[in-house]
Amino acid sequence: MLSLLVLIPFAGALLLAFWPGRPAEGRMRKVTLVVLGLQLLWSLVVLLRFDPASSGLQLQEARPWVASLGLSYSLGVDGLSMPLVLINAVLTLVSAICTRDISQRPRVYFALLLVISGAVNGAFLATNLLLFFLFYELELIPLWALISIWGGVNKAYAATKFLIFTAVSGMLILGAFLGLALLSGSVDFSLTPVTGERLAIGSQLVLLVALLVGFGIKVPLFPFHNWLPDAHTQASTPVSVLLAGVLLKLGTYGLLRFGLGLFPEAWALLAPGLAIWAAVSVLFGSLAAIAQKDMKRMVAYSSVGHMGYILLAAAAATPVSMLGAVFQMVSHGLISALLFLLVGIVYRKTGTRDLTVLHGLLNPEKGLPLTGSLMILGVMASAGMPGMAGFISEFQVFRGSIGAYPLATLMCMVGSGLTAVYFLLLVNRAFFGRLAITPAVDPVAHGRLDVRLAPVAWRETIPAMGLAIGVVAIGLLPAGLGQLSEAATTAMARLPALATALNAGGLG
Amino acid sequence: MPIIPAELVRSGGMPSAEALEARLLAGETLLADTPVHLIEVVDVLESYGEVLDAYSINLIYQAERQFLLPFPIFKYFDGDTNPARIWRHLNHDRINFEYAEYCMKAMLWHGTGGLDAYLDSPAFAAGCAAIIRRKTRRDPMLAVLHPLFPGFLIELIRTAATTHALGQFWRVMSDLFLDLARSEAEGRVTSIEAVVEFIKDGLVAAAANPITYAVEVDGERLWVLPPEAGLTFLVDVAVPYVEAVFLRGTPFLGTVSFNAQAQQISPDQAKFAYGALYADPLPTMGAGIPPSLLMQDMYRHLPERLHGLYRERSRGEGDVRVKICMSFQKSMFCVTNAAIRGTFPAALASQDPAEQAANRAYAAAWAGRLAAARTDCLD
Chain A
1 MLSLLVLIPF
11 AGALLLAFWP
21 GRPAEGRMRK
31 VTLVVLGLQL
41 LWSLVVLLRF
51 DPASSGLQLQ
61 EARPWVASLG
71 LSYSLGVDGL
81 SMPLVLINAV
91 LTLVSAICTR
101 DISQRPRVYF
111 ALLLVISGAV
121 NGAFLATNLL
131 LFFLFYELEL
141 IPLWALISIW
151 GGVNKAYAAT
161 KFLIFTAVSG
171 MLILGAFLGL
181 ALLSGSVDFS
191 LTPVTGERLA
201 IGSQLVLLVA
211 LLVGFGIKVP
221 LFPFHNWLPD
231 AHTQASTPVS
241 VLLAGVLLKL
251 GTYGLLRFGL
261 GLFPEAWALL
271 APGLAIWAAV
281 SVLFGSLAAI
291 AQKDMKRMVA
301 YSSVGHMGYI
311 LLAAAAATPV
321 SMLGAVFQMV
331 SHGLISALLF
341 LLVGIVYRKT
351 GTRDLTVLHG
361 LLNPEKGLPL
371 TGSLMILGVM
381 ASAGMPGMAG
391 FISEFQVFRG
401 SIGAYPLATL
411 MCMVGSGLTA
421 VYFLLLVNRA
431 FFGRLAITPA
441 VDPVAHGRLD
451 VRLAPVAWRE
461 TIPAMGLAIG
471 VVAIGLLPAG
481 LGQLSEAATT
491 AMARLPALAT
501 ALNAGGLG
Chain B
1001 MPIIPAELVR
1011 SGGMPSAEAL
1021 EARLLAGETL
1031 LADTPVHLIE
1041 VVDVLESYGE
1051 VLDAYSINLI
1061 YQAERQFLLP
1071 FPIFKYFDGD
1081 TNPARIWRHL
1091 NHDRINFEYA
1101 EYCMKAMLWH
1111 GTGGLDAYLD
1121 SPAFAAGCAA
1131 IIRRKTRRDP
1141 MLAVLHPLFP
1151 GFLIELIRTA
1161 ATTHALGQFW
1171 RVMSDLFLDL
1181 ARSEAEGRVT
1191 SIEAVVEFIK
1201 DGLVAAAANP
1211 ITYAVEVDGE
1221 RLWVLPPEAG
1231 LTFLVDVAVP
1241 YVEAVFLRGT
1251 PFLGTVSFNA
1261 QAQQISPDQA
1271 KFAYGALYAD
1281 PLPTMGAGIP
1291 PSLLMQDMYR
1301 HLPERLHGLY
1311 RERSRGEGDV
1321 RVKICMSFQK
1331 SMFCVTNAAI
1341 RGTFPAALAS
1351 QDPAEQAANR
1361 AYAAAWAGRL
1371 AAARTDCLD
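For the record, the sequence lines run as chains A and B. Position 7 of the first sequence, counted from 1, bears residue number 7 in the working numbering, the numbering being contiguous throughout. The working numbering runs 1000 ahead of the 1-based position in the second sequence.
Hints in this document: simulated from the structure, not taken from any laboratory. Every residue gets a Cβ at the ideal spot worked out from N, C-alpha and C, and that includes glycine. Incorrect hints may have been included.
Stated by the list, open to error - Computed footprint of chain A on chain B; a stretch qualifies when at least three of its residues, placed anywhere within it, have a C-beta under 8 Å from a C-beta of chain A:
hint: 1; region: 1011-1021
hint: 2; region: 1154-1166
hint: 3; region: 1277-1284
What the hints assert, rightly or not - What follows is a set of in silico ranges between Cβ atoms, one per label pair, in the way DEER data are often shown:
hint: 4; chain 1: A; residue 1: Gly-417; chain 2: B; residue 2: Ala-1022; range: 55 to 61 Å
hint: 5; chain 1: A; residue 1: Gly-417; chain 2: B; residue 2: Pro-1267; range: 35 to 41 Å
hint: 6; chain 1: B; residue 1: Lys-1271; chain 2: A; residue 2: Ala-440; range: 19 to 25 Å
hint: 7; chain 1: A; residue 1: Asp-101; chain 2: B; residue 2: Ala-1205; range: 58 to 64 Å
hint: 8; chain 1: B; residue 1: Arg-1305; chain 2: A; residue 2: Pro-443; range: 36 to 42 Å
hint: 9; chain 1: A; residue 1: Val-441; chain 2: B; residue 2: Arg-1305; range: 37 to 43 Å
hint: 10; chain 1: B; residue 1: Ile-1086; chain 2: A; residue 2: Pro-443; range: 42 to 48 Å
Claimed, not checked - Interface residues of chain A toward chain B, partial, derived using beta-carbon atoms under 10 Å:
hint: 11; residue: Thr-350
hint: 12; residue: Gly-360
hint: 13; residue: Asn-363
hint: 14; residue: Glu-365
hint: 15; residue: Ile-437
hint: 16; residue: Ala-445
hint: 17; residue: Leu-449
hint: 18; residue: Val-451
hint: 19; residue: Arg-452
The shape of chain A in the complex, shown without the other chains:
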């Protein structure tokens, strides 16, 4: 059942790779869309078979692979991974849809896209640590290629930086997993939480810190965020959608599943520090976003800020905050994908993302009014406006965390306020005022320019409209997603307390 979620995209990639002859223009894209449509369909089938009331792993599959290494092919899904699998299917489909004018090597491009989607599904579903690592690493090279082949002017720099950072992240994660086997003396790479009886707390702390840094790079959290703005700026729009919407979630998923899930005791010890780290990351991301002049960099830095909420929620580890973390992963996936899509449209039409030259794009007839309207919706959602996905997730994160870490939560709330600041700056500069895409050197001449932007076709806006509908739908009807994840997140939230209590001599 779950294997198909991995197999469909991989088989699709193989199909593209071995497609006979020189395929007609657009054929590769159509095949990819069919494959991704199947993947989404199958994800929905899995969703139907999924029992939200159960907190444990479901629909499990397990085959031994290399038993001596402890590597087994074992998959399972729970309330934490189910929404992420869905988001992966939706956003990969969106990024394939919005890849229209790809002139060079479409075969490789779409095959890589499918490999990423399959690997991400594998990582979300893996219940064996080594298997997770394999899938986690598998996604790196295709993404590196997507940036370095189809990227912008500085693509080589950005792609290499991305590769170095995430390779270090991978090494730390692998090191932690192997260290666990080494220190505990068993090759059990299952998802069983590590208790004090099995491993001394000092060793647990070391391994957890390695994981925190490893996943912290991927999320990314300050000060390991450095690769993200460059990668986004150089990546093409569909790749940015995938990167922000799906791949960053591997980091947060890893923090929750392996940081909190494997080392609940050590996590409880580090949690106060993690909360402060989250707050610093949120504030740094937001303040850095304010200073940006490139729309895409601004959205990228906003990701740094918004991912911090998830660390805060995980540090607090209350049922509400954990549910908020899942909501934040889903809503950030949708919102950031939406924002990157829209920035991509602006860039394609105007040839620039520079906030010092873009003005008045909301102009009803000559500008990009629908794109601008969706952008306003997207930034409002990102800033946590009620009625949209961002509000639900931020409210839950803050509500769930304020009891445990009031100061860090308050600092994150300030960060949430700053989101409104930088996104209003963006909207005000680029979308309000008189339409222009030139620097205002001579105000009189500038005020007389006739701007001739190409119109945005409906088909270009449809993916963004779909995401916008999703953002509003989750904002208005959050219960569905809540039910899907609540059992699993509540169980996860109990882990640190449970572990500490066990260690202290039972539950009394």
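Assemble the complex: chain A is given as a structure, and chain B must be docked to it using the hints.
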């Protein structure tokens, strides 16, 4: 700094005041004489003529039939209030008569010329007193209102007078523009020069038309603008209209960003430069702003030839109203050009130094004002 592709932005040349003055004195047209300009100007003026016809009929209807009505709910219906018409109105399948009112209010507010002077004269006040006396006899609401706010009804009558005068002005202009389109179709007008000359002749021919206005109260006809006032078409209505609508205008929110408290809007109305010749066509179709209303109305009557031309350019149907606005601005430069020609103090060919100096001063005054206008559309 990013490199912006040149085809995405265009900036027209802006002739200096001296260049404009030279053109006016040489009898050249302000707008460059090109075949495309000719189509734009003639066709836009044709659709404008159709719209002005509707405006004119409605303004005159309002002034005569909705006179001093406290709640003129059906003022845009020209007396036709059957449900189908009301439904079309609510569904916005209609002419935006609000635009005509904007123009009327601009004239009333800027208040230049003979009409405005008459509205403040004792003769007008006496006429108003007679009308109000009559009117309050049968209308208890007005009878209560008038002693409480003695200036109110008089101001309403001033508004009605301006409304009627504008209606009469547009009657002439509508016929003139439709005639122009016919002449062009028949091959009698083949250049921008001929367009300007045609409009000038039309204005000059109507120059001395009397502007009068009477209302019927209780079956008795009472003069608001009597023939004795001696108001005429060109100097008392046309010239104030050009001043108020073409030149000064008002800074509508949505077209101009300003901070009024910082006096970014001049406290001196004479210094206003927000009229049709200065307006930025780009914000057209911003919600509710007067340019949007007029362009929407003209779009309903757009001749197929011009529509086809627009469809071939930039966004085609997508930005058609902005393109109408740009063509409209060009045509308004032609009308202004004609008005200037028709009102030179002396013949341009005159050899008399005194007359030449007077013409030069007149042209310089106009050129000075036009140099700051949207002359980038002229080339």
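Structure-based check of all given hints:
1. Only residues whose beta carbon comes within less than 8 Å of a beta carbon in chain A count, and the region 1011-1021 of chain B has 3; three or more means the coverage holds.
2. For a cut-off of 8 Å, the count of residues in the region 1154-1166 of chain B with a CB near a CB of chain A stands at 0, and the three-residue condition is violated.
3. Coverage of the region 1277-1284 of chain B by chain A holds in this model, with 4 residues showing a Cβ closer than 8 Å to a Cβ of that chain against a need of three.
4. At roughly 59 Å, the beta carbons of Gly-417/A and Ala-1022/B sit within the given window of 55 to 61 Å.
5. Separated by about 39 Å at the C-beta atoms, Gly-417/A and Pro-1267/B satisfy the suggested range of 35 to 41 Å.
6. As the Cβ distance of Lys-1271/B to Ala-440/A is approximately 24 Å, the hint placing it in 19 to 25 Å holds.
7. Taking 58 to 64 Å as the suggested C-beta distance range, the pair Asp-101/A and Ala-1205/B conforms, at roughly 59 Å.
8. Between Arg-1305/B and Pro-443/A the Cβ separation comes to about 37 Å, which falls inside the hinted range of 36 to 42 Å.
9. Here the CB-CB span from Val-441/A to Arg-1305/B is close to 39 Å, well matched to the stated 37 to 43 Å.
10. Distance hint for Ile-1086/B and Pro-443/A: a CB-CB separation of about 47 Å, consistent with the stated range 42 to 48 Å.
11. Annotation: Thr-350/A was flagged as interfacial toward chain B, and the flag holds, the nearest CB pair being 7 Å apart, inside 10 Å.
12. A distance limit of 10 Å between C-beta atoms decides the matter here; for Gly-360/A the minimum to chain B is near 8 Å, and the interface restraint holds.
13. At about 6 Å, the closest approach between the beta carbon of Asn-363/A and any beta carbon in chain B falls short of 10 Å, and the interface hint on this residue holds.
14. Checking Glu-365/A against chain B: minimum C-beta separation of about 4 Å stays under 10 Å; hint holds.
15. Because the closest C-beta pair between Ile-437/A and chain B is about 6 Å apart, less than 10 Å, the hint holds.
16. For Ala-445/A, the suggested interface contact is upheld, since its CB lies about 6 Å from the closest CB of chain B, less than 10 Å.
17. Below 10 Å, beta-carbon pairs count as interface contacts, and Leu-449/A has one with chain B at about 5 Å; its hint therefore holds.
18. The beta carbon of Val-451/A is positioned within 10 Å of a beta carbon in chain B (closest approach about 5 Å), and the interface hint is therefore held.
19. With a least beta-carbon distance of about 5 Å to chain B, the hint placing Arg-452/A at the interface is held under the 10 Å criterion.
The earlier numbered hint that this structure contradicts is number 2, and it is the only one.
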